[in-house]
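Asker: These are the residues of each chain, in order.
Number of protein chains: 2
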Amino acid sequence: MKFSNFFSPTLKNVPAEAEIISHQLMIRSGMIKQSSAGIYSWLPLGLRVLKNIENIVRDEQNKAGAVELLMPTIQSADLWIKSGRYNEYGKEMLRITDRSGREILYGPTNEELITDIFQSYINSYKDLPKNLYHIQWKFRDEVRPRFGVMRGREFLMKDNYSFDLSEQDAIISYNKMFEAYIKTFLRLGLIPISLRAETGPIGGSLSHEFQILAKTGESTLYYDKALEQIDTTNIDTKKLQSYYAAVDDLHDQSKCPIEKNQLKIAKGIEVGHIFYFGTKYSEKLGAFVQNNRGENVPVHMGSYGIGISRLVGAMIEASHDDKGIIWPLNIAPFKISIINLMIDDENCKKVADNFYNQLSSKFEILYDDRDCSIGKKLSDNDLIGIPYQIIIGKRDVKDNLVEFKIRQTNESTKISIDEAINIVLKKLIYK
Amino acid sequence: MKFSNFFSPTLKNVPAEAEIISHQLMIRSGMIKQSSAGIYSWLPLGLRVLKNIENIVRDEQNKAGAVELLMPTIQSADLWIKSGRYNEYGKEMLRITDRSGREILYGPTNEELITDIFQSYINSYKDLPKNLYHIQWKFRDEVRPRFGVMRGREFLMKDNYSFDLSEQDAIISYNKMFEAYIKTFLRLGLIPISLRAETGPIGGSLSHEFQILAKTGESTLYYDKALEQIDTTNIDTKKLQSYYAAVDDLHDQSKCPIEKNQLKIAKGIEVGHIFYFGTKYSEKLGAFVQNNRGENVPVHMGSYGIGISRLVGAMIEASHDDKGIIWPLNIAPFKISIINLMIDDENCKKVADNFYNQLSSKFEILYDDRDCSIGKKLSDNDLIGIPYQIIIGKRDVKDNLVEFKIRQTNESTKISIDEAINIVLKKLIYK
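If you read the protein sequences in the order shown, they are chains R and U.
Under my numbering, think of the first position of the first sequence as 34, with each following residue one higher.
Under my numbering, think of the first position of the second sequence as 34, with each following residue one higher.
The reader is advised that the hints may include incorrect statements.
You can't tell identical chains apart in this list, so a pair holds if it fits in one copy or across any two.
Stated by the list, open to error - Taking lysine-lysine pairs in the BS3-like style, the calculated list, with each CA pair at most 30 Å apart, reads: (1) K159 - K383; (2) K258 - K209; (3) K216 - K84; (4) K96 - K460; (5) K209 - K395; (6) K297 - K35; (7) K460 - K395; (8) K382 - K45; (9) K288 - K459.
Simulated from the structure, these hints should not be mistaken for laboratory data.
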């Protein structure tokens with residue numbers, strides 16, 4: 034992608050309304066633009082990151098055996114009246130009356146709708162277990178939306194729902210999702226801390242939340258440091274669930290069950306939450322199946338959520354420096370940028386074009402061919418967080434050199450033009 | 034994907050509310066489930082088709098130089114009040130009041146929001162032309178939603194917006210999109226007929242609609258048969274725009290400019306619409322740029338829409354038989370199905386497993402391992418419209434044979450098990 038054809042407006046100044054670093058950086062780097070309180074347009078750069086995260090979340094769901102569908106954003110109030118949550122949900126639910134006077138709403142979550150879909154088609158234990166998910170925009174009418182996409186009103190969530198014959202089976206499904214969540218966050222380059230949690234308005238008896246570590250995180254976590262040392266080749270769900278972890282208002286040092294030298298205190302951001310809530314919705318919405326004795330029994334359900342748009346902000350909180358965002362390679366909006374510092378110089382242009390032509394079919398490349406100052410070019414590419422940068426300057430090119438910069442460390446080395454392609458290919462392919 | 038793990042509930046009976054064939058087939062094949070009037074959940078099979086179409090639309094937009102972003106579904110009323118359309122739009126706009134009493138709405142289209150984004154960042158002719166698109170759910174509160182996803186209330190649309198310095202440049206952008214639309218529909222296996230159209234409530238002076246031919250189409254088209262003979266290697270926009278074409282209520286035989294033997298009459302379904310509307314929105318919403326003489330001038334805009342969820346229905350109207358849907362290979366939810374007619378037979382299972390293991394890493398395969406009757410298996414695979422089907426029966430397997438069925442023609446041949454993989458690979462790779 035040539036930067037001159039792209040639409041990625043970077044801003045020099047920190048906007049006043051942005052209180053936290055991820056919000057500031059997302060606006061400055063041209064990832065998002067607020068359209069109204071808590072509602073954002075995802076500009077091209079932001080959308081690329083959002084999609085990259087979405088695809089990793091999707092892939093781990095598919096690998097865990099969950100099946101994707103897509104429920105609409107607008108739901109009828111009927112099912113929510115049946116479940117008893119229509120009144121319970123309060124003002125966070127965006128309630129709408131359509132032209133025929135029917136009560137509808139913008140879905141804040143989907144327990145009701147998925148249970149209705151399930152019960153319309155499945156009525157035998159032979160079709161269990163089932164685990165269905167979707168990735169769809171939700172709306173929660175927060176009284177004070179803030180922190181950019183971290184607490185927006187319209188937000189993208191992956192939510193899935195498991196259906197099992199018994200509590201025992203449901204716990205197996207629950208643990209499978211627990212494992213999928215750990216894998217998802219690790220793949221995003223994050224350190225997930227899982228905490229036993231309150232079930233809250235969703236109901237039920239078992240719940241975990243997933244926080245990722247970030248120095249600028251919103252919560253303070255107290256946890257067994259073993260939680261940080263996950264064996265990625267063999268995730269032991271039971272073991273992870275057995276370690277101590279609590280957010281600060283639930284942590285009481287005098288009752289803490291682990292030794293002080295085993296306890297870690299760090300800041301975190303909540304990015305996922307999973308629930309087992311038994312037959313709460315299946316009973317109310319008629320999701321019964323026949324078991325092998327011919328009896329009709331309500332299915333045991335769980336629900337599982339990852340805030341995908343929130344993760345974009347959370348990942349920036351977890352990985353940035355004073356120059357801007359530092360994206361891991363698999364999430365970066367572009368893997369490499371080719372930065373031509375002298376667009377009017379024929380040699381520079383030739384070298385830059387050549388890199389672009391050789392690499393653009395293989396990787397997502399940003400070719401910075403903008404007519405702007407050298408300083409702006411360099412600082413924009415750092416701000417945006419492009420992992421690898423090939424910087425082409427007039428003097429270097431004369432010496433048959435280019436600069437190769439690694440954003441993660443901000444290390445920069447001069448390499449010969451002839452070797453550059455091989456170095457880039459090695460970096461990208463062996464990562 | 035093993036059918037037993039999938040969630041794809043096929044129905045035997047035609048639902049009473051479904052008036053047209055695509056709606057009937059989508060419900061029977063388990064592609065969609067209505068959740069409320071004109072609002073559908075996309076079940077896994079339907080979602081796969083929707084995504085395949087979406088990806089082709091996206092790819093042709095990218096090739097034409099348009100840049101993707103994503104605007105939210107919920108918009109503030111403010112910009113619509115500025116443009117003058119807030120009152121104009123009428124009851125089709127879903128109007129909402131949020132918890133703080135602010136007027137918001139579910140976007141039926143995005144001219145206002147994109148113009149606001151443009152004007153926030155771009156103020157020089159040097160940054161033109163720009164063409165921005167998004168693929169997002171829209172809501173139009175139709176008084177009588179019907180025909181399934183063909184006239185739903187919540188629907189998926191690709192809409193883009195072009196920004197140019199002059200009318201002349203804007204027409205170039207318009208024609209580029211015209212060409213991209215023709216290419217998109219051809220790639221979907223459809224025959225697009227382009228017609229000069231009224232601009233309607235969007236305003237402006239130049240507009241075309243795109244209808245695709247389908248025997249069961251909603252409109253009757255009168256057109257120069259040259260429109261059907263598109264040279265796909267070299268799409269001549271000017272020539273295509275010069276041919277006569279009209280929907281029936283605008284066609285007057287006595288005034289028809291072409292010879293009778295050149296005139297064709299056929300049924301069509303509208304799937305796209307493009308508009309050039311000059312400075313209507315840029316003037317009202319302040320989208321001005323400085324030209325090369327230093328003057329501030331309003332940009333010339335166009336907007337372009339393809340109904341992606343509607344296309345799913347339209348494609349079924351264009352391609353089905355009495356057994357069900359016939360998907361082209363690039364749109365099919367699965368390219369091949371492996372149908373094991375005898376799941377309890379060891380030999381059948383071995384052969385079927387072997388096919389699945391060899392093919393599933395290369396293509397999207399549906400492995401029909403369900404515990405149901407032979408008749409249901411065969412008819413479901415035809416109903417769903419899987420292009421290639423490998424049918425594994427007990428007697429055939431003993432003779433070292435399987436049945437290879439091509440859904441397009443319903444031809445079926447016995448082939449040796451050893452050759453089957455090669456035949457399938459040839460079919461899929463050389464298509």
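Asker: Decide, hint by hint, whether the structure agrees.
Answerer: Against the structure, the hints:
no., hint, result
1, K159 - K383, "between (64 Å within a copy, 23 Å between copies)"
2, K258 - K209, "within (23 Å within a copy, 58 Å between copies)"
3, K216 - K84, "both (18 Å within a copy, 25 Å between copies)"
4, K96 - K460, "both (27 Å within a copy, 28 Å between copies)"
5, K209 - K395, "between (35 Å within a copy, 27 Å between copies)"
6, K297 - K35, "neither (46 Å within a copy, 44 Å between copies)"
7, K460 - K395, "both (13 Å within a copy, 27 Å between copies)"
8, K382 - K45, "within (27 Å within a copy, 64 Å between copies)"
9, K288 - K459, "neither (51 Å within a copy, 68 Å between copies)"
Going through the hint list in order, the structure does not satisfy hints 6, 9.
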